[in-house]
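Fit chain P to the known structure of chain F by using the hints.
Spelled out from the first residue to the last, the chains are:
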Amino acid sequence: EPEVTQTPSHQVTQMGQEVILRCVPISNHLYFYWYRQILGQKVEFLVSFYNNEISEKSEIFDDQFSVERPDGSNFTLKIRSTKLEDSAMYFCASRLLAGGDTQYFGPGTRLTVL
Amino acid sequence: SQKIEQNSEALNIQEGKTATLTCNYTNYSPAYLQWYRQDPGRGPVFLLLIRENEKEKRKERLKVTFDTTLKQSLFHITASQPADSATYLCALPRDTGRRALTFGSGTRLQVQP
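Heads up: the protein sequence lines correspond to chains F and P, in order. Under the working numbering, the first residue of the first sequence is numbered 1, with each subsequent residue one higher. Under the working numbering, the first residue of the second sequence is numbered 1001, with each subsequent residue one higher.
Isolated chain F (complex conformation) (with noise of 0.2 Å):
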């Protein structure tokens, strides 16, 4: 069964630099999402991804944040200073376009911020 994949698993970093997660959703799915869940909270929606731009994206996903789409498989979501408030699980999700309303989600990436 087809399924998004997340790396890395675990990332750890220190305040101030760049991270870059990826996601490899699944193959026909044409919409793309990256939700956070700090550890004890909810999960929360940061942005979603259509078409080569950003369709959607919550108060979370200020500047810091930015998403790419660099080739036909990878989406990836750069936080480019990280603060120490960043740590969280980090999930990917993806989505047919036409019918489906059902998001899957990636296994995530534990980011850790130091």
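Hints are not guaranteed to be accurate.
Below are the DSBU-like pairs computed for lysine-lysine, each with C-alpha atoms no more than 30 Å apart in a straight line [said to hold, decoys possible]: (1) K57/F to K1017/P; (2) K83/F to K1017/P; (3) K83/F to K1059/P; (4) K1003/P to K1063/P; (5) K1057/P to K42/F; (6) K1071/P to K1017/P; (7) K1003/P to K83/F; (8) K57/F to K42/F; (9) K78/F to K1017/P; (10) K1003/P to K1071/P; (11) K1055/P to K83/F; (12) K1055/P to K1071/P; (13) K1055/P to K1017/P; (14) K1003/P to K78/F; (15) K1003/P to K1055/P; (16) K42/F to K1071/P; (17) K1017/P to K1059/P; (18) K57/F to K1071/P; (19) K42/F to K1055/P; (20) K83/F to K42/F.
A few chain P residues facing chain F, derived, Cβ under 7 Å [as the list claims (entries may be wrong)]: (21) K1003; (22) Y1028; (23) L1049; (24) A1100.
Quick look at which bits of chain F chain P covers, simulated, 3 or more residues with Cβ under 8 Å [claimed, not checked]: (25) 37-51; (26) 104-113.
No wet-lab data here; the hints were simulated from the structure. Ideal placement from N, C-alpha and C gives every residue a C-beta, glycine not left out.
Quick look at chain P alone, frame taken from chain F:
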């Protein structure tokens, strides 16, 4: 803004019993509602989607109801097993009209053997 409430207290039941989890929402009329399962340190796993014109939906031992008048969904697991122990998340599309999801805080289910 939309708000989703799930019982934050853990639900402990005996194996073989039916678990019933509640999701209440306010300030919104979503076209559909989804339930996900989340294990510790893992991503949400899709279980069921129910639309506003559907009262009930079933999948194997799972059943979801959707009452748009009460603004409530109930999620049932019948003949529960210890392997069903996990956190169950209710999710609605955001009230922005797009399809990004807003999640509840989840209810942790513990099934005792």
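Structure-based check of all given hints:
At most 30 Å may separate the alpha-carbon atoms for a hinted pair to count; K57/F and K1017/P exceed this at roughly 41 Å. For the proposed pair K83/F and K1017/P, the alpha carbon gap of about 45 Å is over 30 Å, so the pair is violated. At most 30 Å may separate the alpha-carbon atoms for a hinted pair to count; K83/F and K1059/P exceed this at roughly 42 Å. Of the supplied pair hints, the one linking K1003/P and K1063/P holds, its CA atoms being roughly 23 Å apart against a limit of 30 Å.
This hinted pair checks out: K1057/P and K42/F have alpha carbons roughly 25 Å apart, not beyond 30 Å. Our distance criterion of 30 Å between C-alpha atoms is met by K1071/P and K1017/P, whose separation comes to about 26 Å. Distance restraint check for K1003/P and K83/F: the Cα-Cα separation of roughly 28 Å lies within the 30 Å cut-off, and the hinted pair is therefore satisfied. Only pairs whose Cα atoms come within 30 Å are accepted, and K57/F paired with K42/F is accepted, the gap being roughly 17 Å.
Restraint check for K78/F and K1017/P: not satisfied, since their Cα atoms lie roughly 45 Å apart, outside the 30 Å limit. Restraint check for K1003/P and K1071/P: satisfied, since their Cα atoms lie roughly 11 Å apart, inside the 30 Å limit. In summary, the hint linking K1055/P to K83/F is not supported, as the alpha carbons are separated by about 45 Å, beyond the 30 Å threshold. Taking the CA atoms of K1055/P and K1071/P, the gap is near 12 Å; set against the 30 Å cutoff, the hint holds.
Between the alpha carbons of K1055/P and K1017/P the distance comes to roughly 23 Å, so the proposed pair stays at or under 30 Å and holds. Simply put, K1003/P and K78/F have alpha-carbon atoms about 29 Å apart, close enough for the 30 Å limit, and the pair holds. For a cut-off of 30 Å, the pair hint linking K1003/P to K1055/P stands: about 21 Å separates their Cα positions. At roughly 20 Å between alpha-carbon atoms, K42/F and K1071/P fall within 30 Å of each other, so this suggested pair holds.
Of the supplied pair hints, the one linking K1017/P and K1059/P holds, its CA atoms being roughly 17 Å apart against a limit of 30 Å. Distance restraint check for K57/F and K1071/P: the Cα-Cα separation of roughly 26 Å lies within the 30 Å cut-off, and the hinted pair is therefore satisfied. A C-alpha spacing of about 27 Å is found between K42/F and K1055/P, which places the hinted pair at or below 30 Å, so the restraint holds. Distance restraint check for K83/F and K42/F: the Cα-Cα separation of roughly 19 Å lies within the 30 Å cut-off, and the hinted pair is therefore satisfied.
The restraint placing K1003/P at the interface with chain F is violated, with a minimum CB-CB distance near 11 Å, outside the 7 Å limit. Restraint check, Y1028/P versus chain F: the minimum CB separation of about 15 Å is more than 7 Å; hint violated. Using the Cβ-Cβ criterion of 7 Å, the hint placing L1049/P at the interface with chain F is satisfied: the shortest such distance is roughly 6 Å. Given the 7 Å rule on beta carbons, the hint for A1100/P holds: about 4 Å separates it from the nearest Cβ of chain F.
Coverage of the region 37-51 of chain F by chain P holds. Counting CB-CB distances below 8 Å, 6 residues qualify, and the rule asks for three or more. For the region 104-113 of chain F, the proposed coverage by chain P is satisfied: 6 residues have a C-beta within less than 8 Å of a C-beta in that chain, meeting the threshold of three.
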